[in-house]
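Q: Chain residues, written in single-letter form:
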Amino acid sequence: MLEIIILGRGGQGAQTAGNQLAQALFTEGYHVQSFSTYGGARRGTPVTSSLRVDTRPIRLRCNISSASALLCFDDSLLDDAFLKLAGDGAVVVVNSAREPEALPSRGNLRVVPVDGKAIARRNNMGKVVNSALLGAFSATVGKPGIDAMCRVIKETAPTKVQENLAACREAYGLLQPVAVEV
Amino acid sequence: MNAPLFTEDLKLLNGNHAVAWGVCLAEPDVAPVYPITPQTPILEKLIDFESRGACQIELLTPESEHSAMAAAIAASATGARVFTATSSQGLLLMHELLHYASGARTPIVLFNVNRTPAAPWGFWPDQIDSLSQRDTGWVQLYSESPQESLDSVIQAFRIAEAVNLPVMVNHDAFYVSHSVEPVSIPDAGMVRDFLPRIPREIQLGDGTGRSLGAPIDQAAWNLTRREMDAAMKRVENVSEQAGSEWERLTGRPSAPLEFYRCEDAEIVYVTMGSMSGTVREVVDLLRESGVPAGLLKVRLFRPLPVQALRHALAGTSCAIVLDRNYSPGTGGVLHQELKAGLFGMENPPRVHGMLAGVGGVNVPVGSIAKLAADCRNAEQTAEPVWVE
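Just so you know, the sequences run in chain order W and X.
Its first residue numbered 13, the first sequence is counted upward by one per residue in this note's numbering.
Its first residue numbered 610, the second sequence is counted upward by one per residue in this note's numbering.
If you're looking for bench data, these hints aren't it; they were derived computationally from the structure.
Any given hint might turn out to be false.
As the list claims (entries may be wrong) - What follows is a list of derived Cβ distance ranges for each label pair:
no., chain 1, residue 1, chain 2, residue 2, range
1, W, S77, X, V915, 32 to 40 Å
2, X, G860, W, T168, 25 to 33 Å
3, X, E992, W, A109, 52 to 60 Å
4, X, G798, W, R163, 25 to 33 Å
5, W, S78, X, V915, 34 to 42 Å
6, W, R163, X, R661, 18 to 26 Å
7, X, Q827, W, S77, 52 to 60 Å
What the hints assert, rightly or not - Covered by chain X, according to a simulated footprint, are these stretches of chain W (three or more residues, beta-carbon under 8 Å):
no., segment
8, 34 to 48
9, 72 to 78
No experiment lies behind these values; they were computed from the predicted model shown.
Each residue gets a CB set at the ideal place from its N, CA and C atoms; glycine is no exception.
Please build the complete structure, drawing on both the sequences and the hints.
A: This is the structure we're talking about:
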C-alpha cells in the first residue's frame with residue numbers, strides 16, 4: 013500500500029490535490045481512499061489530506077502515521093511535526109525555491125524542492141501552484157502517470173485548463189524519479 | 610494492475626455524496642434539511658441533483674434542525690416518503706421531535722454524521738450524538754464505509770416503511786463522511802423494485818377528517834408504546850430480509866450483525882462504524898501470528914439483536930468492545946448494551962470495555978492489536994478503560 017500525505021494552507025488546494033491524485037490513480041486501476049479533516053480550518057491555516065493507494069480494497073480507517081510520499085504546498089510548513097509523519101526513506105516533494113540542503117529534513121528522507129510559484133507564474137497561473145505540484149509529484153513518485161494526471165486536471169480545472177496542463181507538464185519535465193518504498 | 614475497477618457504475622465518491630446518491634435512488638418525495646458540518650455535502654449534493662432534474666425531491670431548507678424535523682414529521686404524516694440529514698448539535702436540537710416522530714409512527718429516514726457535541730466545540734468523529742438518542746424510538750444503523758452508507762440508506766427506507774418507525778443511519782465524520790473511495794451505484798430500476806410504495810394506514814390530507822398525535826388517556830398512551838414495542842421486535846427480521854435481498858441483488862452483505870473471521874475465535878472485537886475497517890486489518894495480523902481473533906460488527910444497534918449476539922459469542926472467552934463514545938458516569942454505550950444483552954447467558958465471554966477514539970482521536974492498528982494481548986488472560990472490570 014502506498015500512503016501519501018499532502019499538507020497545505022487552507023485555500024491553497026491541498027484537499028483538491030488529494031482528490032485529483034485519487035481520481036488519477038483510480039483511473040489507472042488502483043483502489044484509493046482519500047480523506048481530509050478540516051474542522052475549524054480557515055484560509056491560511058494548515059490543512060492535511062491523506063491518500064491510500066492499493067491493488068486491493070482499502071479497509072483501514074485511521075490516520076496515516078508513516079507515509080511513503082508527502083507533498084507540501086509551502087516550505088514554511090515543513091516542520092518536525094509534519095516530517096514525523098514520513099516513514100523511513102520517504103520522499104517529500106515541497107513547493108520551494110530553496111536548495112534541498114537548505115530545507116528541513118530528518119533521517120534518510122529525500123526532500124525534493126520544486127519552485128511551484130515560478131512555474132505557476134511562467135504559465136500565467138498567478139499564485140495557484142496546484143497543477144505544478146501534481147506534475148512534480150507524478151515525476152518524482154512515478155504514480156500516477158503523467159497522462160492520467162493530465163486527464164484529471166483537464167476534467168477538473170475550473171478555469172485556465174491549458175495553463176494548468178502546461179504548468180503540470182513543465183514541473184513534470186523538471187524532476188527525476190525517486191524510488192519509493194511501497 | 611489493470612483490474613476492471615474503473616467501470617461505468619463505479620464512481621469515486623465521498624461518504625456524504627454516496628448517501629446523496631442513495632437518497633436520490635430511493636426517490637423520497639420531501640427532504641427538509643438544515644446544513645451543518647460535516648453533513649453539509651449531503652444537502653449540497655441533493656440540491657445539485659434536484660437542480661439538474663436528476664431527482665424530483667421537494668427540498669425544504671427551514672431555519673433550524675428543529676423545524677426541519679417538524680417539517681419531516683408533517684410531510685411524512687401525509688403519506689410522503691421523507692428524508693432528512695444532520696449531525697451532532699443538529700441532531701440534539703431535533704431531540705424533542707425525535708420522540709414525536711417515532712410516537713407518530715412516521716417512517717422518516719434520517720442520516721446523521723457522527724460528530725462530537727459541544728462543549729468544547731469540535732468537528733471530530735464520535736458517536737455519542739446518536740447513541741444518546743437511543744431511547745427516542747428510532748431504529749439505528751451504523752455504517753463503516755461510503756459504499757455501506759449508500760446501501761444502508763436505501764435499506765433504511767425499506768425497514769422504516771415495513772414497521773412504521775423512523776430509521777437513523779449513522780456514519781463517522783471524516784473517516785467515512787469525507788473519505789473519497791470507489792462506490793458502486795445500483796441500478797435505479799432495481800432500487801425502485803426494492804422499495805415499492807406501500808400505502809400507509811394514516812395519510813393526513815385536505816379531505817381527511819382525522820388528527821394525529823392528539824391528547825389521549827393513560828391507557829391509550831400505554832398502548833402506543835406496546836405497539837412500538839411490537840414494531841421494534843419486527844425490525845431485526847425485516848432488516849435481515851432487506852439485507853439478504855440486497856446481497857442477492859448487489860453481492861454486498863448487509864446483515865444486522867457482520868462476522869469477520871469469528872469461527873473458533875477466542876478473542877472477538879465488537880465495534881460499530883468506521884473502526885471496524887481498521888479492526889479487520891488487526892484481526893488478519895493477529896491470525897497470522899497465531900492469535901485466534903475475530904470481529905463482530907454491530908450494524909443494527911437499535912434494536913440490538915440480542916439473541917444473535919448471544920449466539921455469536923457463545924464459545925468465545927474474551928469480547929473486547931471498542932466504543933468511540935463516552936457516556937459520563939458509566940462508560941461506553943455499546944459496552945453497557947452488550948453486558949445487558951449477555952446477562953444470564955451460560956458461560957458468557959469476559960467483556961472488556963474500551964473507550965477507543967473518544968473525541969475522534971486516532972485509533973491505529975497497533976493500539977487495537979495491543980488490546981488482544983492486554984485482555985486475553987485478564988479479568989474483566991466493570992469500569993471502562995481509556996485506550997491510549
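Q: Now tell me if each hint is right for this structure.
A: Structure-based check of each hint:
1. Under the hint 32 to 40 Å, the C-beta atoms of S77 of chain W and V915 of chain X, about 37 Å apart, fit the expected range.
2. Roughly 31 Å separates the CB atoms of G860 of chain X and T168 of chain W, a value that falls within the hinted 25 to 33 Å.
3. Between E992 of chain X and A109 of chain W the beta carbons are some 56 Å apart, a value that agrees with the proposed interval 52 to 60 Å.
4. Range check, G798 of chain X to R163 of chain W: about 31 Å between beta-carbon atoms, so the 25 to 33 Å window is met.
5. Under the hint 34 to 42 Å, the C-beta atoms of S78 of chain W and V915 of chain X, about 41 Å apart, fit the expected range.
6. Under the hint 18 to 26 Å, the C-beta atoms of R163 of chain W and R661 of chain X, about 24 Å apart, fit the expected range.
7. With their beta carbons about 58 Å apart, Q827 of chain X and S77 of chain W fall inside the hinted range of 52 to 60 Å.
8. Only residues whose C-beta sits within less than 8 Å of a C-beta in chain X count toward coverage, and the segment 34 to 48 of chain W has 13 of them, enough to reach three; the restraint holds.
9. Remark: the segment 72 to 78 of chain W is confirmed as covered by chain X, as 5 of its residues place a Cβ nearer than 8 Å to a Cβ of that chain, reaching the required three.
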